[in-house]
Each structure stands twice: as C-alpha cells, then as structure tokens.
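Student: Residue numbers (my numbering), protein chains in the order written: chain C, 1 to 368; chain L, 1 to 185.
What the hints contain is simulated information worked out from the structure, not anything from laboratory work.
Because the structure is a prediction, the values reported are computed rather than measured.
Fair warning: there could be bad hints in the mix.
Claimed, not checked - Derived pair list, reagent style DMTMM-like, types lysine to aspartate or glutamate, alpha-carbon separation capped at 25 Å: (1) C:Lys147 <-> L:Asp79; (2) C:Lys147 <-> L:Glu44; (3) L:Lys146 <-> C:Asp280; (4) L:Lys149 <-> C:Glu132; (5) C:Lys210 <-> C:Glu132; (6) L:Lys48 <-> C:Glu132; (7) C:Lys147 <-> L:Glu23; (8) L:Lys48 <-> C:Glu288; (9) C:Lys147 <-> C:Glu132; (10) C:Lys147 <-> L:Glu151.
Given next are the chains, with one letter for each unit.
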Amino acid sequence: MPNTSHTTWLEYCSRELKLATDLLSKRGYTLDPEQPHLSGERFLMQAVTTTSGQKLILFGTSHEGTRVVIKATRDQAGAHEIDHERKCRAFLTKIDFATTVFHTPPELAYFKQAGFTFTINAFIAQPSTFLERPLPQQFHFALTAFKAQEGAHATTFKHRARIRHIYSIREAADYLQSFTDFSHKIQHDIPTHRTVHTLIDDTAYRLSAKLERIEQYGSFLTHTDFVPHNFRITSDGTMYLLDFSSLVFGNKYEGWARFLNFMTLYHPALEQALVAYVRDNRTVEESEALHLMRLYRLGELIRYYAGTLEKSDGNLRTLNEARVQFWSDVLAAELQHQTISPETRTTYQTTRDTLRSQDEQKRQQGLH
Amino acid sequence: MRIAILSPLFPPDVAIPASYVKELACRLAKEHTVCVLTYSHLPEVVPKTQVISIEKQNLLPRRLFHFFTALTLTAKQNDMLIVQNGISSELPVLFHSFLNGTPFILEVSDPKAIIQNNHSWLKRTIHYLLVRRATAVMAHNIYENKLTKPEIISFEAFPHAAMEGYEAIWQTHLEALNRMFTTHA
Numbered sequence: 001m002p003n004t005s006h007t008t009w010l011e012y013c014s015r016e017l018k019l020a021t022d023l024l025s026k027r028g029y030t031l032d033p034e035q036p037h038l039s040g041e042r043f044l045m046q047a048v049t050t051t052s053g054q055k056l057i058l059f060g061t062s063h064e065g066t067r068v069v070i071k072a073t074r075d076q077a078g079a080h081e082i083d084h085e086r087k088c089r090a091f092l093t094k095i096d097f098a099t100t101v102f103h104t105p106p107e108l109a110y111f112k113q114a115g116f117t118f119t120i121n122a123f124i125a126q127p128s129t130f131l132e133r134p135l136p137q138q139f140h141f142a143l144t145a146f147k148a149q150e151g152a153h154a155t156t157f158k159h160r161a162r163i164r165h166i167y168s169i170r171e172a173a174d175y176l177q178s179f180t181d182f183s184h185k186i187q188h189d190i191p192t193h194r195t196v197h198t199l200i201d202d203t204a205y206r207l208s209a210k211l212e213r214i215e216q217y218g219s220f221l222t223h224t225d226f227v228p229h230n231f232r233i234t235s236d237g238t239m240y241l242l243d244f245s246s247l248v249f250g251n252k253y254e255g256w257a258r259f260l261n262f263m264t265l266y267h268p269a270l271e272q273a274l275v276a277y278v279r280d281n282r283t284v285e286e287s288e289a290l291h292l293m294r295l296y297r298l299g300e301l302i303r304y305y306a307g308t309l310e311k312s313d314g315n316l317r318t319l320n321e322a323r324v325q326f327w328s329d330v331l332a333a334e335l336q337h338q339t340i341s342p343e344t345r346t347t348y349q350t351t352r353d354t355l356r357s358q359d360e361q362k363r364q365q366g367l368h
Numbered sequence: 001m002r003i004a005i006l007s008p009l010f011p012p013d014v015a016i017p018a019s020y021v022k023e024l025a026c027r028l029a030k031e032h033t034v035c036v037l038t039y040s041h042l043p044e045v046v047p048k049t050q051v052i053s054i055e056k057q058n059l060l061p062r063r064l065f066h067f068f069t070a071l072t073l074t075a076k077q078n079d080m081l082i083v084q085n086g087i088s089s090e091l092p093v094l095f096h097s098f099l100n101g102t103p104f105i106l107e108v109s110d111p112k113a114i115i116q117n118n119h120s121w122l123k124r125t126i127h128y129l130l131v132r133r134a135t136a137v138m139a140h141n142i143y144e145n146k147l148t149k150p151e152i153i154s155f156e157a158f159p160h161a162a163m164e165g166y167e168a169i170w171q172t173h174l175e176a177l178n179r180m181f182t183t184h185a
C-alpha cells in the first residue's frame, strides 16, 4: 500500500517551497539547494501536546551573507504556531520573576505575504554538536539550562496573570488527563499490544496516585522538547534556546524528563549523571517528581510512535514498531526504577540504523 | 525553646533563601521545637518541623491577611520568632509587633529583597521600622556566606573539604543564633 502521508508531505513541500523561494528571493534570501528538514521522517513529526501545524523549516543566506533559518507556512495552525513562538520568545527576555537571562537567536525578519507567514532568524553556528562534547561539558550545559528554566517560577497570582495569555500552564490534573488521552490513543493504534497496554495502565495508576507530587513542583518554566537539536552552543559557551513554542509552565522536571529519556538512547552516562545529581543534591520528593515525569514522557513517546504506524509502511513501519517496543522496554524499566540493559539499547540502535532511509540518515547527521 | 521561622520563600521555591530556611529549620529542630510560617502552595516536608503555608496563588492583600492571622496564632505558641527579610514577611510582622510582645530576630540575609525594597519608599520605611522594632538583627549575605550546600557531581571527587567548611559555617551560624536566643528570649 503506498504511503499517502509521505506522498502528501512531499507534494506539500514541493508546492510550498517553490512559492516560498520566489517570495524570499525578492527579499534577498537564497535558500540552500539541500533542505534536510524537509526530508527523511520529517513528515511524521507532529508535536503531541503543544501547538503544531504544517510548516517548512529552511536554511538559507541573506543578501548580506548571513546564514539564516526560515520558518514558512500557509497553514493556519502553522502560522499560529509561529506567532505563538514569537510571543513566547519575546516574553522570555522580560520575565520579571526569572533569575536568569535566556539567549535567543536574533530575529532578522518577520512578515506575511501572499498567504505565507515567514519568520527569519540568524543561524547560530556551533563548533561541535552537543553529543560530540565531553561528558563534563554536556553535564554542565544541560544542568545550567535546567537551572535557568527553573529560575522562572510563577508562584503568585500576579505571576500567573502575567503568563497565562502567553504560555500554556500545565497542572497535575492536566498531566493526568493528557496521559489518559495517550492511553486511549495507544489502545486505538496498537490494539493487540496487550503488554504495552498493561504498562500504560500501571503508569496511569502511579501518576494518579502521586498527583500531589506532580503539583508540588509545578508552575516552573520548562522546555518540553529540551533535546540537543533544540539548543545550540557557540564557541564562547553561550547556549541559545530554540523552539520557543515548546516552553510551558508546568512541572519543573518535564524538560529534564524529555532530555533524560532522549539520553537513555543516545548517551546513558549523561542520563545517569543527571539522575545522580538530582538524587544527591535535591530532595527525595524531587527525585520522585523526576521519575513521574519520565514515566509521563515515555507514555507520550509510545503514543507518538504508535500513532506513526498507520502513516508508515515498509522499513519505516518496521522501524516504528521497533520504536514502540524499545520505549515500552524503557518504560517497564523506569517503572521498576531501573535502566534498560546495554544489549537492549544496542540491539535497537542496530535495528534503527539498518531500517532508516538514506534521507533520514542524512537528516540525522550533525543533528544532535 | 519553641521557635517560629517566618519566611517569604520556602522550597519548592528554588531561590537560595528558600533552601536556607529549610536547612535552618532542619538544624534548629535537633535542639528546639520549630515551626515555619511561609507562603507556599505545597511546601516540602521538614523532619520534626511543622510547616504552615499560606497559599501563594491568592491575591496579595488576601495572602498578607492570612499570613498575619496565622502569625497571631503562631506567635502565641512560640518563645522566639526568626523573621527572614522580604516585604511579605516584614509587613505582617511589623503590624504584629505592635500587638504582641514575642521577641523576634530579624535576619537580613537576602540582598535581593533589600534591592527590591530600595525601589519603593514604602517598603524601605517598613524595613526601617522593623529593624527598629526587632529584638535583634542578624545581618549576613546568604549568597556569599557559604551556607548553601556544596554540590555533589557523580563523576567528580566528593567535595570533602567544601562539605567540612559548610558544616563548620553552619555550626558557627547556629552558635550565633543560639547566643541570641539565650540573650533575648
């Protein structure tokens, strides 16, 4: 059966890219001949819990020779996402109850033309990817970023009044409701995976039993997609945050959880160092909050990959089935306060590298 | 001795004065009966210490009123109050000091709160009056005096020297506070 989602995405990219290229060239921007964020598995990506529409993410150069990142869309939800991201980003630099200044790539242009919404930001060059850095540096940068996010804590009535029209606010009940939605979606998308259903039910039970702990560490600024491709570190050690639409006020460990789950696959030593940091320097309650948020985010990952199955075929479908299994294994281990075995990780990585398309392999180069 | 610590901040607030108050309560509770009166939604637990929290998400006047009411009850049950500087604890304590004679030590330890006070003549005046009415004032800078626990990093050597220094500074700090309790209670 042909993969219609992929075909639709390729048609969308081809049509929109042609129009966007013309409009951008009139304003002095030249697009790169190769656009990695239009290829590979990009067509599957749709944020699960944040605003997300269809958009093009393009690399190019301005007439002055500045490298730029361009977001362009004619999709209403995509335009809304771009506008929302700009609001979040603008407010981020002036939160009066934050203790840290956040660095954001300079916005060079924002305009609407011929039905398109464009936002053009300076490309932030980095001397190496995050994962190429030594462990102590990775640890330092990640911890500094988490502490910076935690420094914005909307505790009072006045703080909440300031943020509620800009950022989404997630409370314990919202997390539980989202998880219930994940559970229903998983049951719908993979009805025969009884083991996964049981894991998800166990997780839902644990989350519902510990709602107060989730609530206790709530109202913190947290980047819900805090992974290496959403920040860049320059040669002078300044970290620039990207994807501001993923900023919410919620449990302070939501961003940690996303990062640690990512590192379970990509760099377990860093994951363990950060878990040990929370255990050795913070309260038992905080370690528990981190554990709960990791469970929540693992449920979200499984829901995401379960949802991709109907949009994929061939090797990609086999790969997405392996992903559902792998993240279920990680969830099972986390429920027991354990980690997956190195063999489970390497077996999955081998499967993934075998099944990934060439386009996707190319897109992944230098991404993390 | 029965001691109540009054603080604008308390964990899960992440500011350094918040963790200082928790550590202070924890250490004082080894020798005294301690309670903490603070603004929080769901405060962290301190062993052998009662934490009374005033809901932070209420409007400011309501928060202050509730804090004042709770202070009235707390002061009656304690021999000494330790007030952390910051307008949200200073204002209720100032009013209360005219109604009740429970001695109180004003700890001026949070320089950020002092800076905030400097932006407003009203806050400056409240602070000035509270200093005048305090039984004793203890001034120290929480950001500089190493009362914050050294961090343990799993892939680095355990910070033995820093931990010993931290314990020694706390020892000195508690001795100074205990001397004040003996003198002024």
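Student: The structure should be examined with respect to each hint, and the outcome stated for every one.
Tutor: Comparing the hints with the structure gives:
{"no.": "1", "hint": "C:Lys147 <-> L:Asp79", "verdict": "violated, 38 Å"}
{"no.": "2", "hint": "C:Lys147 <-> L:Glu44", "verdict": "holds, 19 Å"}
{"no.": "3", "hint": "L:Lys146 <-> C:Asp280", "verdict": "holds, 18 Å"}
{"no.": "4", "hint": "L:Lys149 <-> C:Glu132", "verdict": "violated, 31 Å"}
{"no.": "5", "hint": "C:Lys210 <-> C:Glu132", "verdict": "violated, 37 Å"}
{"no.": "6", "hint": "L:Lys48 <-> C:Glu132", "verdict": "violated, 47 Å"}
{"no.": "7", "hint": "C:Lys147 <-> L:Glu23", "verdict": "holds, 20 Å"}
{"no.": "8", "hint": "L:Lys48 <-> C:Glu288", "verdict": "holds, 21 Å"}
{"no.": "9", "hint": "C:Lys147 <-> C:Glu132", "verdict": "holds, 22 Å"}
{"no.": "10", "hint": "C:Lys147 <-> L:Glu151", "verdict": "holds, 13 Å"}
Consistency with the previously given hints fails for numbers 1, 4, 5, 6, ordered from lowest to highest.
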